[in-house]
Amino acid sequence: MTLLELEDVTASYGPVQVLDGVSLSVPENGAFGILGANGAGKTTTLRAISGAVRTGGRIVFDGKDISGMRPDQVAALGIAHVPEGRGSFGDLTVRENLRVGAYLRKDRKGVDEDIDYCLDLFPNLQDRIRSNASALSGGEQQMLAVARAIMSKPRMLLLDEASLGLAPSTAKNVYDAIRRLRLESGIAMVVVEQNANLAFTLVDSATVLETGRSVLTGTSAELKGMDEIRRAYLGG
Amino acid sequence: MEKFVQLVVDGLSTGSVYAALALAIVLVHSATGLINFAQGGMAVLAAYVAWVLTNQGVPLVLAILASILFSFLLGAVLERFLMRRFERGDPDTAVVVTIGLLTLVTGIAGWLWGYNNQQFPSLFPLDTVSVLGVSVSVRSIGTTVVIVVAMVAVQALFVGTKLGLALRAVAINPQSAAYSGLPVERLLMVGWGIAAVLGAVAGALVAPQLTLTPGMLDNALVYALAAVILGGLTSPVGVVVAAWLIGVLENLAAVYVGFIGFDLKVAVPFILIFVVLIVRPQGLFGRKTVVRV
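These protein sequence lines are chains Z and B, in that order.
If you're matching positions, the first sequence starts at 5 in the working numbering and goes up one per residue.
If you're matching positions, the second sequence starts at 26 in the working numbering and goes up one per residue.
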């Protein structure tokens with residue numbers, strides 16, 4: 005059963021067309037990767053899903069056309085966006101950041117349980133729970149961003165460059181935790197990632213974007229086997 | 026001694042008026058990241074609304090409550106139809122817009138009601154009571170108490186409630202807040218509305234003392250901004266304490282420091298700001314913000 009479907013989605017920033025026909029389909033519980041070079045439109049694709057840019061084409065989530073909705077309305081449907089740059093609330097503590105993530109929820113007890121779950125998933129955050137988010141390291145801020153998204157109890161996670169600017173071992177830790185989250189919760193995911201090796205540890209299938217278009221879509225196994233993918237994105 | 030206590034109490038009372046405006050400024054800053062220079066002008070407008078109503082025979086308390094409601098709506102409407110166009114852009118532009126708004130609001134008040142001083146009835150009786158052997162006006166005590174209540178309410182709003190947390194989150198990172206499902210635009214309207222309510226309280230407290238004119242709060246705004254810098258932009262308690270400090274020191278300096286006198290007392294808060302900015306740039310109670318690049 006398809007949870008998210010993009011059909012020929014276009015988007016522009018002013019006169020500059022950034023997306024020129026992106027199509028993809030993510031099944032319930034699936035994890036889908038978006039690969040491509042800088043400026044190919046990966047981040048814009050996620051922003052299009054979240055309603056942060058004006059789009060053309062069709063974006064259907066859970067059978068409902070969501071194109072033209074505001075970001076907070078999209079979030080209310082169960083899509084949690086972990087933005088590029090992590091989007092932490094610097095002057096709020098780690099716990100307050102998590103509470104902001106749970107803003108739409110009414111179940112106090114469930115929220116407290118999920119805070120505990122996040123701290124179990126990212127033990128580094130445990131010691132920093134009272135610190136301001138601005139005092140965290142880059143890796144910890146990335147963990148906080150993922151945790152904040154989990155707090156909304158989403159059906160789908162949009163992950164934008166979760167490894168950007170992190171040391172390789174930290175990036176691996178973050179992805180290990182996200183894989184565990186996927187296994188335990190079944191949250192569907194759309195994953196934008198420069199580091200294709202890392203992406204393939206998480207996603208079942210992926211699409212390659214070039215100048216705002218999907219040029220190639222396949223399962224992880226198929227894509228990993230292709231020479232041009234290996235040369236361009238996997239370093240040999 | 027009696028004179029000293031009298032000066033301190035009067036200082037607390039004038040300081041309370043600066044504090045009310047300063048709290049409103051802190052609230053808007055916490056909710057939108059902007060300094061709203063029009064805060065005083067909006068408060069004057071609210072005071073005029075209350076004044077017009079009392080002239081129609083409406084009881085004072087009801088008139089003030091109505092002006093508070095009017096202010097909430099005014100704040101929300103100004104945010105929705107004016108400030109929203111500038112919030113996403115350069116913050117400097119938005120601040121200049123609020124300065125323009127101050128001029129506009131003052132002009133509108135002058136156009137509607139003229140520039141003559143109008144008598145505004147006092148919320149508190151003009152009696153004095155004896156405290157520690159010193160006679161203190163009930164108005165001073167009442168004004169101070171109202172401000173303490175407002176301060177506690179604002180602090181509780183920010184620290185203890187979901188709405189307060191949401192307002193702070195929106196100010197820090199509106200995009201990220203929207204991704205978490207916060208209705209950013211509605212929250213900004215509410216933030217402006219609540220700040221305008223605080224302004225209306227300040228207007229009603231100060232109007233009987235200063236008599237109502239369109240520029241009634243222009244001076245108070247300058248002191249309020251001084252209190253905001255002194256106390257720290259992030260701390261409701263801090264700005265109130267700073268506002269009291271300014272009110273009291275200003276009074277004491279005028280009387281006890283010969284060369285200052287009543288002509289130079291306006292300089293006192295600025296000397297304080299100057300010293301504080303050198304020693305503690307984040308204000309006496311403010312938190313240091315760390316920017317990571």
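Simulated from the structure, these hints should not be mistaken for lab results.
C-beta atoms are modelled at their ideal positions from N, C-alpha and C, and glycine is treated no differently.
A couple of the hints might just be wrong.
What the hints assert, rightly or not - Chain B regions said to be covered by chain Z (calculated; three or more residues, Cβ under 8 Å): (1) 118-130; (2) 198-205.
What the hints assert, rightly or not - Listed next, the in silico DMTMM-like pairs over lysine to aspartate or glutamate satisfying Cα-Cα at most 25 Å (straight line): (3) Lys187/B x Asp111/Z; (4) Lys187/B x Glu100/Z; (5) Lys157/Z x Asp115/B; (6) Lys187/B x Asp95/Z; (7) Lys187/B x Asp69/Z; (8) Lys68/Z x Glu210/B; (9) Lys110/Z x Glu210/B; (10) Lys187/B x Asp118/Z.
A quick look at each hint next to the structure:
1. Here the segment 118-130 of chain B counts 0 residues with a CB under 8 Å from a CB of chain Z, which misses the bar of 3, and the coverage is violated.
2. A stretch counts as covered by a chain when three or more of its residues have a beta carbon under 8 Å from one of that chain; for the segment 198-205 of chain B and chain Z the count is 7, and the coverage holds.
3. This hinted pair checks out: Lys187/B and Asp111/Z have alpha carbons roughly 13 Å apart, not beyond 25 Å.
4. Using a Cα cut-off of 25 Å, the hinted pair Lys187/B and Glu100/Z holds, with the two alpha carbons roughly 10 Å apart.
5. Note on Lys157/Z and Asp115/B: the hinted pairing is violated, with a Cα-Cα distance of about 35 Å set against a maximum of 25 Å.
6. A C-alpha spacing of about 16 Å is found between Lys187/B and Asp95/Z, which places the hinted pair at or below 25 Å, so the restraint holds.
7. For the proposed pair Lys187/B and Asp69/Z, the alpha carbon gap of about 31 Å is over 25 Å, so the pair is violated.
8. Distance restraint check for Lys68/Z and Glu210/B: the Cα-Cα separation of roughly 24 Å lies within the 25 Å cut-off, and the hinted pair is therefore satisfied.
9. A threshold of 25 Å between alpha carbons decides the hint, and for Lys110/Z with Glu210/B the separation of about 21 Å falls inside it, so the pair holds.
10. Distance check on the hinted pair: Lys187/B and Asp118/Z sit about 17 Å apart at the alpha-carbon level, within 25 Å; holds.
The structure does not agree with the numbered hints 1, 5 and 7 stated previously, though it agrees with the rest.
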